[in-house]
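What follows is the residue order along each chain.
Number of protein chains: 4
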Amino acid sequence: MDHSFNCHVYYEDTDLAGIVYYANYLRYIERARTEWVRGLGIDQKAMKAADGVVFAVRRLEADYLSPAHFDDELTVRTRTQAITGARIVLNQDVWRGETLLFSAVVTLVALSSTGQPARMPANIRRQLQ
Amino acid sequence: MDHSFNCHVYYEDTDLAGIVYYANYLRYIERARTEWVRGLGIDQKAMKAADGVVFAVRRLEADYLSPAHFDDELTVRTRTQAITGARIVLNQDVWRGETLLFSAVVTLVALSSTGQPARMPANIRRQLQ
Amino acid sequence: MDHSFNCHVYYEDTDLAGIVYYANYLRYIERARTEWVRGLGIDQKAMKAADGVVFAVRRLEADYLSPAHFDDELTVRTRTQAITGARIVLNQDVWRGETLLFSAVVTLVALSSTGQPARMPANIRRQLQ
Amino acid sequence: MDHSFNCHVYYEDTDLAGIVYYANYLRYIERARTEWVRGLGIDQKAMKAADGVVFAVRRLEADYLSPAHFDDELTVRTRTQAITGARIVLNQDVWRGETLLFSAVVTLVALSSTGQPARMPANIRRQLQ
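Residue numbers (my numbering), protein chains in the order written: chain Z, 1 to 129; chain W, 1001 to 1129; chain U, 2001 to 2129; chain Y, 3001 to 3129.
Some hints could be false.
Calculated Cβ distances over 10 Å to all of chain U for the following chain Z residues [stated by the list, open to error]:
id : residue
1  : H8
2  : E12
3  : A86
Here are the simulated DSBU-like pairs of lysine-lysine, each with C-alpha atoms no more than 30 Å apart in a straight line [as the list claims (entries may be wrong)]:
id : chain 1 : residue 1 : chain 2 : residue 2
4  : W       : K1048     : U       : K2048
5  : Z       : K45       : Y       : K3048
6  : Z       : K45       : Y       : K3045
7  : Z       : K48       : Y       : K3045
From chain U, some residues computed to sit far from chain W (all C-beta separations above 12 Å) [as the list claims (entries may be wrong)]:
id : residue
8  : T2014
9  : V2020
10 : A2050
11 : I2083
12 : R2096
13 : T2099
14 : V2105
I should point out that these hints are in silico values taken from the structure, not numbers from a laboratory.
C-beta: ideal position from N, C-alpha, C; glycine also.
If we strip away everything but chain Z, and leave its shape as in the complex, we get:
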């Protein structure tokens, strides 16, 4: 079952081409990941405080299929594709109604406070599975 997150296109998101600037889809899907993780009962602030661990994107494959415009109402759909001890692979798509605008495969890893790859805390891994 996909996780759904709605977001709205504001002035800040557009560029002079009149469409959403390409980097801003990454902001949208990161907001969706934060809400998805929270919905699973994971507190990222507590995780950082307790384990010194943050999630970080390791790899991103993204297709820009159709542009989003100012004032569009968008939905980000997130679903888990794979989880191992060290990484999570997600599909994250951005839709405007029935139109798929953006489709990404995002690989996340856990990073320690020094920025090095870390093992995901066991309780976090259980919640994600």
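With chain Z's structure known, arrange chains W, U and Y on it following the hints.
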């Protein structure tokens, strides 16, 4: 021969993890593309005015290899991998000194003023080859 | 009566100091203005298409009173202070619960498609009063 | 004597009105402050590590006089207006050639690692005077 573009990491680029926010690498490589295109003698403003055409990213594959930090001096290296009538495929890497931090393959297409894929203007295509 | 708009602090909003980057409050209050204007029945896209007019910020006075952090739930409260034929002066405050974090006075003008100051369309002015 | 800092307007900086999004001038002047501080021999990373202190904006007054556009070459001019033990007041103007586009008065304070106002480290204060 690669095109080189330097950029500096400012406060605006970092997030609370103390590293460059992942979407911001897309801003860095887009700055580099703008300078690369200008260096080839292509005026994007004139291209838009004359042909109603802008470049847009169609696909992105990105590996985040090592984090960049506040005050880092970065270099974006851009090189053409392939050009057809409709699209350009670029390699764009971000380095801090001898350390590769971020590596992307970016597929660009031309978009008309209505946001539909367009054929690249012939003179632009010649300049890119 | 104030207009209220909620927004959430995501990773993208923070900087390495662990707080919301100062420019991002301007994004929050601009989202609030967009929703406030929409709530008044003004369609900014139609206004641009019909009259070639967009709203632009002419002056900003902002006090940063207390920092917002990752995952904070914020409320932007917007109220009109003054309206003339050429400009609107708004108060826009950002709250976290009962704590005032940011307080701004924003002066808006209408700009033509060439970026010059323009008279606000009469129907828009009526809706704002 | 003013400190000068050049920056270029990229796609990321513009919005659908075809001009620089209003919050982005705050990014430009913050880049200029970082370079100004570095030019004075102050290492913000060391200051944070040694004293747990970061600079933060406490108040901002900004006039938006004329819009900047894609591909503009801008200069930020920074000069000290006043320094006390607790705060620095700066004038920061953004120019395109001989045209003043944006003019700000920025009040900075030192913040401790908990986000509370702190006294500026004595050595830093000396360097700023």
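Hint check results:
no. : hint               : result
1   : H8                 : 8 Å, violated
2   : E12                : 5 Å, violated
3   : A86                : 21 Å, holds
4   : W/K1048 to U/K2048 : 20 Å, holds
5   : Z/K45 to Y/K3048   : 21 Å, holds
6   : Z/K45 to Y/K3045   : 23 Å, holds
7   : Z/K48 to Y/K3045   : 21 Å, holds
8   : T2014              : 4 Å, violated
9   : V2020              : 9 Å, violated
10  : A2050              : 19 Å, holds
11  : I2083              : 33 Å, holds
12  : R2096              : 16 Å, holds
13  : T2099              : 19 Å, holds
14  : V2105              : 24 Å, holds
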